[in-house]
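> Work the whole structure out from these sequences, hints included.
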Amino acid sequence: MSRDPGSVGIVVPRQHTFREPLELACGRTLSEYTLVYETYGTLNAAKSNAVLICHALSGHHHAAGRHSEEDKRPGWWDNYIGPGKPIDTDRFFVVSLNNLGGCHGSTGPASINPETCRPWGPDFPMLRVRDWVNSQARLADLLGIEQWAAVIGGSLGGMQAMRWSLEYPDRLRHCVVIASAMKLSAQNIAFNETARQAITSDPDFCHGRYLDEDKLPRRGLAVARMIGHITYLSDDGLGKKFGRELRSGTFERGVEEEVEFQVQSYLRYQGDSFSGSFDPNTYILMTRALDYFDLAREYGDDPVAAFSHARCRFMLISFTSDWRFAPERSREIADALMHANVPVSYAEIESSMGHDAFLLPNSRYQRVFDAYMQRIAAECDEGVGQ
Amino acid sequence: MRVDLDAIQDWIRPESRVLDLGCGDGLLLEQLARNKQVSGYGLEIDPEEIERCIARGVNVVEQNLDAGLGNFADNSFDTVVMTQALQTLRQPHLVVQEMLRVGRECIITFPNFGQWRARWHLAISGRMPVSDLLPFEWYDTPNIHFCTFRDFDLLCRERRWTILHRQVVSETRIGVALKDFSPNLFGETAIYHLTR
Numbered sequence: 000m001s002r003d004p005g006s007v008g009i010v011v012p013r014q015h016t017f018r019e020p021l022e023l024a025c026g027r028t029l030s031e032y033t034l035v036y037e038t039y040g041t042l043n044a045a046k047s048n049a050v051l052i053c054h055a056l057s058g059h060h061h062a063a064g065r066h067s068e069e070d071k072r073p074g075w076w077d078n079y080i081g082p083g084k085p086i087d088t089d090r091f092f093v094v095s096l097n098n099l100g101g102c103h104g105s106t107g108p109a110s111i112n113p114e115t116c117r118p119w120g121p122d123f124p125m126l127r128v129r130d131w132v133n134s135q136a137r138l139a140d141l142l143g144i145e146q147w148a149a150v151i152g153g154s155l156g157g158m159q160a161m162r163w164s165l166e167y168p169d170r171l172r173h174c175v176v177i178a179s180a181m182k183l184s185a186q187n188i189a190f191n192e193t194a195r196q197a198i199t200s201d202p203d204f205c206h207g208r209y210l211d212e213d214k215l216p217r218r219g220l221a222v223a224r225m226i227g228h229i230t231y232l233s234d235d236g237l238g239k240k241f242g243r244e245l246r247s248g249t250f251e252r253g254v255e256e257e258v259e260f261q262v263q264s265y266l267r268y269q270g271d272s273f274s275g276s277f278d279p280n281t282y283i284l285m286t287r288a289l290d291y292f293d294l295a296r297e298y299g300d301d302p303v304a305a306f307s308h309a310r311c312r313f314m315l316i317s318f319t320s321d322w323r324f325a326p327e328r329s330r331e332i333a334d335a336l337m338h339a340n341v342p343v344s345y346a347e348i349e350s351s352m353g354h355d356a357f358l359l360p361n362s363r364y365q366r367v368f369d370a371y372m373q374r375i376a377a378e379c380d381e382g383v384g385q
Numbered sequence: 000m001r002v003d004l005d006a007i008q009d010w011i012r013p014e015s016r017v018l019d020l021g022c023g024d025g026l027l028l029e030q031l032a033r034n035k036q037v038s039g040y041g042l043e044i045d046p047e048e049i050e051r052c053i054a055r056g057v058n059v060v061e062q063n064l065d066a067g068l069g070n071f072a073d074n075s076f077d078t079v080v081m082t083q084a085l086q087t088l089r090q091p092h093l094v095v096q097e098m099l100r101v102g103r104e105c106i107i108t109f110p111n112f113g114q115w116r117a118r119w120h121l122a123i124s125g126r127m128p129v130s131d132l133l134p135f136e137w138y139d140t141p142n143i144h145f146c147t148f149r150d151f152d153l154l155c156r157e158r159r160w161t162i163l164h165r166q167v168v169s170e171t172r173i174g175v176a177l178k179d180f181s182p183n184l185f186g187e188t189a190i191y192h193l194t195r
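Taken in order, these protein sequences are the chains called A and B. Reading the first sequence from the start, the letters are residues 0 to 385 in numbering that gives the first Met the number 0. Reading the second sequence from the start, the letters are residues 0 to 195 in numbering that gives the first Met the number 0.
Simulated from the structure, these hints should not be mistaken for laboratory data. The hints are all genuine.
So, partial list: chain A residues that the calculated Cβ filter (under 8 Å) puts toward chain B:
1) Asp334
2) Pro342
3) Ser344
4) Tyr345
5) Glu347
6) Arg363
7) Arg366
8) Arg374
Positions of the beta carbon are idealized from the N, C-alpha and C atoms, including for glycine.
And the structure:
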C-alpha cells in the first residue's frame with residue numbers, strides 16, 4: 000500500500016475482450032474489442048454501490064492510485080477518488096476504463112485490425128459518445144452491475160454521463176456532470192479543428208498510416224496538445240503560474256541570445272510529453288466525438304424533451320474561469336433539467352484554474368462533491384433504489 | 000422551524016411544483032417534500048447554504064436572484080416562494096413581478112420594519128435596529144431594502160397584485176397577543192400569498 004492514507008494505493012489494470020459484436024452509431028460493427036479498466040473499493044452484496052467514472056479527452060482507465068511505488072504521478076482524478084475523498088473508495092466500488100478508440104490498452108486505431116492484420120489507423124470506425132456508453136454498459140454487465148449508484152464524468156466524461164441518463168435511464172440513480180456541455184460551441188469546434196489540422200499536416204502523419212511507415216507525427220500532436228492545453232487554462236491561471244518570467248535570455252540591448260518565456264518551455268514540455276504517450280489517430284477520433292456530440296439532436300433539438308427521458312437525479316458543477324466549458328453551458332443543462340422536472344442541483348465554483356479545475360484541489364468543489372456523494376453513499380447503505 | 004415557514008405550508012398544495020427563491024439551507028423544501036410530496040427546486044447564492052441543501056438531498060441551483068428569473072418559463076411552477084429574502088434584493092418589486100409570471104401563485108415573507116421594536120430602537124437610540132432576526136450592522140448587512148407591512152400592502156395595490164392571504168406572525172408574547180390588533184406595529188414577520 001502507498002504511504003498516502005488518502006490513496007487507493009497500488010492498482011493493477013484489468014482487461015476483457017468482448018466477443019459479442021458491437022454495432023456502432025456510424026453503422027459499422029466491431030466484431031470484438033478489448034476494454035482496459037481499473038476498479039477501486041469493493042462491490043457490496045446488494046451490488047448497489049458501484050460508480051462509473053467516464054473520462055475526459057486525454058484521460059483513461061487510470062483514475063486513482065499508482066501503478067507502482069516508483070510511479071511518479073497518480074491517476075488523473077486522484078484528488079477526488081480514494082479513501083475519505085468525495086468518491087470514497089471505502090464506500091463505493093469505483094470503475095474507470097479506457098474508452099473504445101483509446102490508446103492505453105483498449106481497442107483503438109493503434110490496435111491490430113483482425114481482418115487485415117495491420118494497425119487500424121485511419122480505418123478505425125468513427126465513434127460517438129453513445130458507442131462508449133453502450134460499451135460501458137457491456138462492462139457493467141460483465142461486472143454484474145445492473146444499476147450504477149452514480150455515473151460521473153468531467154468534460155467529455157460529463158457528456159457520457161448525460162448520455163447514460165438518456166440511453167439507459169434505469170441503470171443509474173445519479174448523474175454527476177462536471178464542467179461539461181450539451182454540445183460544443185463553434186469556438187470549441189474551431190479549436191478542435193485547428194488541433195486536428197496540426198496533426199494531419201505533420202509530414203509524418205502519412206494519411207494516418209504512420210504506424211505502417213514506422214513514423215509518428217510527434218510535432219503535430221505536440222502542437223495539437225499545446226492548443227488544447229491553452230484552452231484548458233485561463234488567462235488568469237497562466238498569468239499566476241508563469242507571468243512573463245523568462246526562462247532564458249534577456250531583453251538587454253546587444254544580447255543575441257533568444258528570449259524564452261517560462262510559459263513557452265512549459266507548453267513545449269506538455270506537448271512533447273503528450274506526443275510520446277498518446278496516439279494521434281485517437282486524438283483525432285476523440286475530438287471528433289466531442290464535436291459531434293449533441294445531446295438533444297435526436298429529440299428535436301429540444302433538451303427538455305431529451306431530459307424528460309431521464310429518471311436519475313443530477314448534480315452539475317462548473318468553474319467560473321472555465322471558458323472552454325463555461326458556467327453558462329452548465330446552466331443550460333440545469334435549466335433544461337428543471338423544465339423537464341428532473342431533480343437537479345447545480346454549483347458554480349470560484350476558480351482561476353480554467354477547465355482543468357475539475358481535476359485540481361479546490362476546497363469548495365471538494366465540499367460540494369463530497370456532500371452529494373455522501374448522500375448517495377447513505378442511500379446505498381439504506382438500500383434505496385430509484 | 001421558523002414561524003413563517005410553518006405558517007405558509009398550509010397554502011401549498013400536495014404534489015405541487017414549488018420554486019423556493021433564496022432557499023437557504025433547504026429546510027422548507029425538505030419539509031414540503033416529506034409532508035406534501037411537493038417537488039421543486041431551491042435557488043440560492045450562498046455556498047455554505049448550497050452545501051447544506053445538497054447534504055439534505057434538496058435540489059438546489061446556484062443562481063443570483065438579482066439577475067432575474069429569465070431562465071424560467073411562464074407558469075412553470077404552481078407556487079414560487081421567497082422567505083426572508085425580499086429585503087436583500089436590488090429591485091424587489093421586479094422580482095415579485097417575475098415570481099408572478101413564473102408561478103401561478105407566490106408566497107413572500109419578510110421582516111416587518113414597522114414592528115414596534117424597530118421603531119422604538121430607531122426613535123430612542125437614533126440608530127439602525129440590530130436584533131436576533133436582523134443581526135447585522137447597517138454597513139455589512141445583506142438587507143438593503145427594508146419595508147413595512149403597510150408599505151408592501153401599498154405596493155400590491157399599485158401593481159394590482161391580488162392578495163389571497165396576508166398575515167403577520169410573531170414569536171414574542173406581546174407580538175402574538177397584539178398582532179391582530181395592529182399588524183404593522185406588532186407583527187415581526189409579514190407573510191403574503193399573492194396571485195396575478
